[in-house]
Amino acid sequence: MEPAGQAPPGGAATVEVTASVESTASVEVTAPGGPGVIVSDVWRFFGSFTALGGMSFTAPYGQVTALVGPNGAGKTTLLLILASLLKPHRGQALVAGCDPTVDPAGVRAATGWMPDAFGVYDQLTVREYLRFFGQAYKLDRSTVAARVTELLDLVHLTEFIDQPVHVLSRGQKQRLALTRALVHRPRVLLLDEPASGLDPRSRVELRDILRGLAAQGAAVLVSSHILTELEEIADRVVFVSSGRTVGEYAMADLRAQAKRAYRVRALDPDVLSRALRDRGIAHSTVNGGVELAELTEEQAAQTLAGLVAAGVPVVGLPARRTPLRVPHVLRAGIDADHQPGAHGADHQR
Amino acid sequence: MLIISPALTAQTINGDRERGTLATLQVTRLSPAEIATGKLLASWSVGLVALALSIPFAGYAMTQGGITVVRVAAVYGVVALLIGTVCAVSQALSALLARSITSALLSYVVTMTLAVGTLVAFALALPLTEERMVITNREGYQYTVVQSHPERVWWLLAPNPFVIVADAAPRVPPRIVRSGDVIDIENYDPLSMISNEVRQLRSPDYWFIYAADWSLRPDPEDKPVWPYGLAFSVLLGAASLVITTYRLRTPTDRLPRGVRVA
Ligand SMILES: Nc1ncnc2c1ncn2[C@@H]1O[C@H](COP(=O)(O)OP(=O)(O)OP(=O)(O)O)[C@@H](O)[C@H]1O
Ligand SMILES: [Mg+2]
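Sequence order for the protein chains is A and B. Position 197 of the first sequence, counting from 1, maps to 197 under my numbering, and the rest follow consecutively. Position 47 of the second sequence, counting from 1, maps to 47 under my numbering, and the rest follow consecutively.
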């Protein structure tokens, strides 16, 4: 039952995954549209503590890039640097073509930032709050008014338009924070843990919103400490740990690499187990059903084709709903608590 | 006013940082100067509303006679400016210090220093100006007096908000009583009394020096103190605003210990 990901690192998967790091990285960097965010060897210290120790990655336009790492990995710190709030001590970042240290105004005009902590001004209503930020981004009045209606509609907060901001629930505040980050139509979006605190429906909506923005050409960078939270949102994943980048993947590759357990159902279980044994396919009998050892999607397809060709009356080959797992190479740096292992199923809906 | 203004402003920057609302402002296209000025105007105007609440009392006092509209307007104008200064100073402290409790306390300390500390400083400084003077009187007798020189340290009182307000208020037309050489200006309202006191400190009348020849004695001068005090206030306020602006600049290189940007 335990996914093979819990096994000690060093298996065949490690080799395969390492190989894919190089290929994905090079493909993405040269992708059309160019990167909205380029981070190259960025360092940041707090006193003697090294919060970022040489982080590098890119987030292209038109794609959602996930920044995944455990607590304290430096995700928030990096986003602060990209949002032109914090100076990097070494290395360079480029956001929408501007260096946040040299040209913060250029970065701000093109960037929407949503912090993980969300404070509000007590007395303002939702409408006033958004209008205030619209004006802070120097939009003219009529644009702001139209934008407020449009954005509240997008995040389904229209009915709260005249409510004071502080009465909103956490998830509603989170959605309001997203609209604030979007008010000036930024080309680059930096979102710090936008999915935390959202219910499943809101998460689906968040996914649709972010996918929509990426489809319109925005570069979206989203942080999280749970990979599964972003599995369906992101095109690319950047794994970070202890202030460094430990891997950069295309989500599709990761998904293809992922091994899942499959349950096979056949009209005649005996024929099925015989066929499996004949072929030397590892399997086990669990809860009265036959379960294959973990396979990639490709392997699963081959197995199925083989069984069907051998005349086994297969009814179905559902994958067990195990979430995406962080590749073995990264596991040394990433806290086991955030591994979608035993708890993983909770995150998957 | 001196009590509520620090309370209004002492958290505007670090309190906002603690609540996580400052950074969201800083990433907009608002410049640090705009944020600092906007926040200052906001807390200043709350202070002014509080001040406006006291207008009915002033109106009542006016109907009781003696106090002119011009006088009331001048007092209110000066008090309004002073509230602005206190707000600006508290805001700068709020931008400089990590904790809003610390900055609130410290702004009270600053306000108290202006209101009470200046008096104490003056009282302490005055004995230092003491000088032995040898006076020859009309009859040719010589005698020694120990004389302090408030005209050398009067400026210690100039920043005092009460002094500024009292001295800036236009005089109630004084009743001048002349009896021979002595001119007596009789003002019995508290503001004029304070004002007369500090003006005398600025140009004291050492009549006994002229004991030998009264004709040398200059006419008593009446030089106002409030322009200095008000200028000091305005400068202090402006400097505070500059400090706040400077502290709001981003990207930040160094953060105070225990402060997160967001
Ligand atoms: N202002 C600061 N002063 C001192 N240390 C800091 C400061 N900000 C961040 N750090 C440290 O830098 C490290 C990275 O912090 P950061 O907030 O970037 O982590 P994170 O990846 O966002 O974590 P989480 O998933 O918990 O949000 C942490 O160890 C943190 O203690
Ligand atoms: Mg964080």
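Any given hint could turn out to be false.
[Stated by the list, open to error] According to the in silico footprint, chain B covers these stretches of chain A (three or more CB under 8 Å from chain B):
| # | stretch |
| --- | --- |
| 1 | 74–86 |
| 2 | 127–137 |
| 3 | 286–293 |
No wet-lab data here; the hints were simulated from the structure. Source: prediction; values computed, not measured. Every residue, glycine too, gets a C-beta built ideally from N, C-alpha and C.
Inset, instruction - Just pull the numbers of the violated hints for me, sorted ascending. - result: 3
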